[in-house]
Amino acid sequence: MRVKLIYSHDVVEKPILASIVLKTGVPINILEAKVNAQKGELIVSIPATGDKLREVLNLFREAGVQVQEFTETLRIDWDKCMACGACISPCPTGALKFKDDWSIEFDDEKCVACKVCVTACPVRAISLP
Amino acid sequence: MREENKEIRIRSIDEINEKIKRGDAVVLTAEEVIKLAESSGVEAVAKEVDVVTTGTFGAMCSSGVFLNFGHSDPPIKMVRCWLNDVPVYKGLAAVDGYLGATSISETRGLEYGGGHVIEDLVSGKEVVLRAESYGTDCYPRRHIETVITIDDLNQAILVNPRNCYQRYEAATNSSDRILYTYMGTLLPNYGNVTFSGAGQLNPLCKDPSYETIGFGTKIFLGGGVGYIIGEGTQHNPEPGYGTLMVKGDLKQMNSRYLRGASFYRYGPTLYIGIGIPIPIINMSVAKTVALRDEDIFVNIRDYAVPSRPDLRPIIKRVSYAELRSGKVYLGDRKVPSSSLSSYKMAREIAETLKKWILEGMFFLTKPIEPLPKRGKFKPLEIRRKEPKVGDIMNRHVIIAKPNDDVNSVAAKLVEKGIDHLPVVDDEGKLIGIVTSWDLAKAIAYNKRRLDEIMTRRVITAFENESIDVVVRRMAQHNISGVPVVDAMNRVIGILTTDDISRKIVGGRNVT
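Protein sequences, first through last, are from chains A and B.
The first sequence: position 5 = 341 (the working numbering), numbered continuously.
The second sequence: position 105 = 517 (the working numbering), numbered continuously.
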């Protein structure tokens with residue numbers, strides 16, 4: 337599951353994420369991070385479900401981190417896609433890649449909705465609703 | 413060696429056509445023939461295979477279509493003409509025109525162009541035709557606006573001056589900002605590598621000495637049948653950058669293989685599918701059809717240098733295999749690489765052409781003339797005097813030192829009537845810049861010393877740079893002046909938008 341974690345001024349300097357990884361053993365993956373002295377915003381992928389996922393999310397909340405579900409994701413018009421690959425190498429998180437048959441595969445768990453692929457696509461097959 | 417091989421004729425094109433007619437020709441795609449060569453050797457290829465099919469599907473800007481609209485009543489001699497607001501070239505007879513793939517919509521801008529109109533026509537969509545004239549005794553009409561489809565056109569003939577590049581140089585970007593190019597989106601600091609071309613499936617790569625491909629070769633073009641009508645423009649065979657000029661009837665084509673496209677902030681183009689059958693007539697061709705991505709090399713060039721394509725620095729020479737693997741090593745860094753042309757579509761084209769031949773729907777033609785094996789791709793020399801930064805810049809630069817007082821600097825700007833003040837160290841080397849805006853900030857935040865407020869990352873220019881390149885740099889950084897520095901980073905002048913607008917007025921002449 338992808339979530340956005342918002343760190344306020346009070347907690348931005350604490351190693352909250354690292355502690356939660358150590359405590360739960362869930363290897364949380366940071367997809368995007370914007371951190372400064374006042375505030376931090378992380379988009380992370382949490383590879384857990386059910387109770388384990390609830391535990392991770394609760395630990396963040398208890399530590400004073402605001403947790404938002406991150407649902408923004410690309411829409412790909414597969415009828416338009418020519419499988420050229422122009423979107424693949426600009427993608428910062430590896431969310432777009434070739435399959436074995438050289439068609440394109442999109443992994444929305446990895447997508448941070450940065451939109452670089454939207455303009456990289458020469459046939460405008462990718463949009464962000 | 414090659415001459416010797418040539419003499420060992422294996423089979424003729426006529427013999428192959430007889431086999432196609434009988435239904436017993438052996439046809440493999442370029443990928444299949446590579447496997448055969450790897451498992452059984454080139455001799456097996458020579459012995460067993462009659463035809464190898466190839467394919468490529470990529471952006472080919474030098475493409476377009478000759479159109480004949482037919483005469484309206486009263487008739488018009490179209491002088492200017494648009495299809496869906498995209499300008500059609502009208503330096504031809506009254507109702508003939510040429511729509512180029514990169515022609516840009518006058519209402520929708522870079523997002524829609526000739527390539528898109530071509531795709532719309534092939535898809536059977538209605539297209540708005542508009543034309544203007546001055547009116548003549550024989551063609552009295554001065555304006556026309558109507559809706560047409562491809563069926564209304566007398567002819568729609570795709571004639572592409574340059575398609576099907578044998579290989580294409582790959583691209584990367586050393587600068588600190590994202591570049592939007594005809595090689596796609598290039599991330600800063602060598603963030604990615606893009607490339608084009610089908611490599612081991614690419615037609616000209618499989619017959620690099622043009623033993624079978626020539627004038628009159630029948631090909632798969634845009635889903636229909638087309639012909640090679642000569643070498644393409646910029647044909648440069650000796651270093652392995654051959655090109656083709658091709659034609660075909662647009663009315664027979666399929667929009668799956670002709671796709672209007674637009675590179676962001678670059679402009680429109682047309683993706684085209686081309687497949688060429690390669691008859692195995694001798695040993696030399698049997699060898700080259702088995703070339704793999706591992707055997708085909710191109711340079712990766714740095715698009716951060718805004719120079720002529722052949723002057724962009726070469727970062728590395730790589731094989732298509734490395735490019736297609738998705739990762740390229742630049743130094744010790746693994747950088748993501750991806751194509752702009754579609755390997756999946758190239759495969760599909762090679763398969764389709766194979767099917768056509770096996771089903772007896774497509775016969776091979778004997779070229780009437782081989783493609784030239786020599787040719788030169790010359791740059792365009794500028795023979796008129798063109799101003800460089802050094803001709804326009806102001807050499808009497810007012811400079812400041814980092815420990816100067818803000819008030820005295822402000823006074824200096826007012827006294828000299830300038831906006832930009834380069835800050836230099838004791839050796840005259842540039843270490844920062846201060847503008848009147850920075851001084852306003854200094855007052856607002858109550859700062860005293862120049863080095864507290866100056867901008868340290870200075871955008872500069874060199875004396876021998878083109879004005880256009882520096883103007884674009886200023887626009888991109890939203891600044892109105894740049895210090896001009898020498899190779900040692902010493903300030904030798906300053907160039908501002910004021911200098912440019914005052915000294916280059918209405919043309920390119922140095923005053």
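Check the hints yourself; a few may be wrong.
Chain B side only, calculated, beta carbon under 10 Å to chain A, not exhaustive [as the list claims (entries may be wrong)]:
| no. | residue |
| --- | --- |
| 1 | R421 |
| 2 | S424 |
| 3 | A471 |
| 4 | S474 |
| 5 | N601 |
| 6 | S608 |
| 7 | F675 |
| 8 | G738 |
| 9 | Y741 |
| 10 | S750 |
| 11 | S751 |
| 12 | S913 |
Here are the simulated BS3-like pairs of lysine-lysine, each with C-alpha atoms no more than 25 Å apart in a straight line [stated by the list, open to error]:
| no. | chain 1 | residue 1 | chain 2 | residue 2 |
| --- | --- | --- | --- | --- |
| 13 | B | K756 | A | K416 |
| 14 | A | K435 | B | K824 |
| 15 | B | K433 | B | K459 |
| 16 | A | K435 | B | K739 |
| 17 | B | K800 | B | K824 |
Because the hints were derived from the structure by calculation, they are not lab data.
Ideal Cβ positions, reconstructed from N, Cα and C, are used throughout, including at glycine.
Hint check results:
1. Taken as an interface hint, B:R421 does not check out: its beta carbon lies about 36 Å from the nearest beta carbon of chain A, beyond 10 Å.
2. The closest approach between the C-beta of B:S424 and any C-beta of chain A is roughly 35 Å, which is over the 10 Å cut-off, so the hint fails.
3. Residue-level restraint check for B:A471 holds (minimum Cβ-Cβ distance to chain A is 7 Å; threshold 10 Å).
4. Using the Cβ-Cβ criterion of 10 Å, the hint placing B:S474 at the interface with chain A is not satisfied: the shortest such distance is roughly 17 Å.
5. Taking 10 Å as the C-beta cut-off, the interface hint given for B:N601 is violated, the closest approach to chain A being about 12 Å.
6. Checking B:S608 against chain A by beta carbon gives a least distance of about 9 Å; that is within 10 Å, so the hint holds.
7. Hint on B:F675 holds. Least Cβ distance to chain A is approximately 6 Å, under the 10 Å limit.
8. A distance limit of 10 Å between C-beta atoms decides the matter here; for B:G738 the minimum to chain A is near 7 Å, and the interface restraint holds.
9. At its closest, the beta carbon of B:Y741 sits 14 Å from a beta carbon of chain A; the interface hint therefore is violated under the 10 Å criterion.
10. This hint holds: B:S750 has a C-beta 4 Å from the nearest C-beta of chain A, less than the 10 Å allowed.
11. Annotation: interface hint on B:S751 holds; nearest CB of chain A at approximately 4 Å, less than 10 Å.
12. A least Cβ separation of about 32 Å between B:S913 and chain A goes past the 10 Å threshold, and the interface hint is therefore violated.
13. Restraint check for B:K756 and A:K416: the C-alpha separation of about 14 Å stays at or below 25 Å, so the hint holds.
14. Our distance criterion of 25 Å between C-alpha atoms is broken by A:K435 and B:K824, whose separation comes to about 64 Å.
15. For the given pair, B:K433 sits about 19 Å from B:K459 by alpha-carbon distance, which is consistent with the 25 Å threshold.
16. For the hint pairing A:K435 with B:K739, the CA-to-CA distance comes to about 15 Å; that is within 25 Å, so the pair holds.
17. With a CA separation close to 28 Å, the supplied pair B:K800 and B:K824 exceeds the 25 Å bound.
The structure does not agree with the numbered hints 1, 2, 4, 5, 9, 12, 14, 17 stated previously, though it agrees with the rest.
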